[in-house]
Amino acid sequence: MSVEGWEKKAIQYLASDVHHSFIDGDWIEAPYIINEGIRLIQTGNIGVGKFIDRNKKYISESSFVELRCKEVYSGDILICRLADPIGRSCIVPPLEEKAITSVDICILRIDKQRYDKWFISHSLNQQSFLDICQKVAGGSTRQRISRSNLGKIEIDIPQSKAEQTQIATILSTIDRAIEQTEALITKQQRIKTGLMQDLLTKGIDENGNIRSEETHEFKDSPLGRIPVEWEVKSLQECVEFWDGKRVPLKQSDRDLMQGEIPYYGASGIIDYIDKYIFDEDLILVGEDGENVVSRRLPLCFKITGKSWVNNHAHVLKPVFNANIDFLTERLEFFDYTLLISGSAQPKLNQRNLRNLSFSIPPLSEQKMIASLITNQNRSIKEYETEKEKLMRKKTGLMQDLLTGKVRVTDLLNQNTATN
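The numbering of the sequence shown is this note's numbering, which starts it at 1120 and goes up by one.
Bear in mind the hints are in silico, worked out from the structure with no lab data behind them.
Not one of these hints is a red herring.
Pairs of lysine to any residue residues, derived as SDA-like cross-links and limited to a Cα-Cα distance of at most 20 Å, are as follows:
no.	residue 1	residue 2
1	1128	1270
2	1513	1166
3	1394	1370
4	1500	1298
5	1175	1195
6	1364	1436
7	1486	1496
8	1311	1497
Label pairs and their computed distance ranges (CB to CB):
no.	residue 1	residue 2	range
9	1452	1507	21 to 27 Å
10	1166	1414	18 to 24 Å
11	1501	1342	31 to 37 Å
12	1123	1423	53 to 59 Å
13	1503	1187	45 to 51 Å
14	1175	1313	25 to 31 Å
15	1138	1466	55 to 61 Å
16	1187	1466	47 to 53 Å
17	1314	1187	51 to 57 Å
18	1377	1268	39 to 45 Å
19	1192	1314	39 to 45 Å
20	1409	1496	21 to 27 Å
21	1507	1233	32 to 38 Å
Values in this document were obtained by computation on a predicted structure and should not be read as measured data.
Ideal Cβ placement from N, Cα and C applies to all residues, glycine included.
Required output: the full structure, derived from the provided sequences and hints.
Quick look at the structure:
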């Protein structure tokens, strides 16, 4: 039952009366795709509530005419009928060129007299709507929702366009805050990358300044020019390998051992149990799996305290002249592409890891470098925490405002009285 002043409306009935206001994009085969001309918006350009402006593809003007393509305009809502997730959508931003979209994207051109496009966009991207799209989707190998089924899904909507706009304004404001925080995270990550490049190849002197060959003494090494104070070592000279102490546990075994001690795999914590193998600071390096290649998650990470590690992560214990925080960052910074074996199941084996060579400064400088990187990591983490808070706030607001549970009509009445 709808809230007073609200109604349920099927997606197909949000469209204007103009021809092609709720229709699929165009079937564009590979031979027609070129590097300039009319922009082809593809499924990868559709994010959850945002347009992802990358991987630009085009077709020619003659192909546009030949294939009888439908032009996409700024302000149109594009709904992706494929995962992931099915049903995600965004508003087309102002584009520099003429555009079309692919067949697995539905074009929704709303009735602007009755509906606010930003309210509709927020409604289509709430989790409850995406869950319905997933349930309705068909197909065994590659699931998709048909435009017919998509059009039948209903959303709750205020009958007052002013109320729609007020809700959209609130949600768009928090979206901008999230985008600004994401930009700050990206900026800090770029700063860290540049800092790491300098710190791990040139290091810092006793005054905390980055070295350069113009102001400091360097020497030749098998890895190129390095500061005279540094050495080239293999990883096995800096750590002990404790892989032999690892014990894998089946899910059924872990279910009988539930507790608060982290159980680690190749990419981090995968469970919590009530027993442990290790009780000290260690470095884990993922041994196999997709992340060895993609690096979507940290491949090398430090663990502390009681822990259990399975056989998908190498266990490293730094020796007395190696700082654990420095080594962790140094190992995470490496490109392991040439050391990985196997294609179906990528693997970073212990032998290759043992023989990995790198330049390393004295222990005192390792600690200074680790401190600088830790401070930068802390700055990034603060922004990531802020983003998480904003995301939780947005989720709560969407659940309240897009269902009518919390009304904004009081705000509208106040504005009307003021005017």
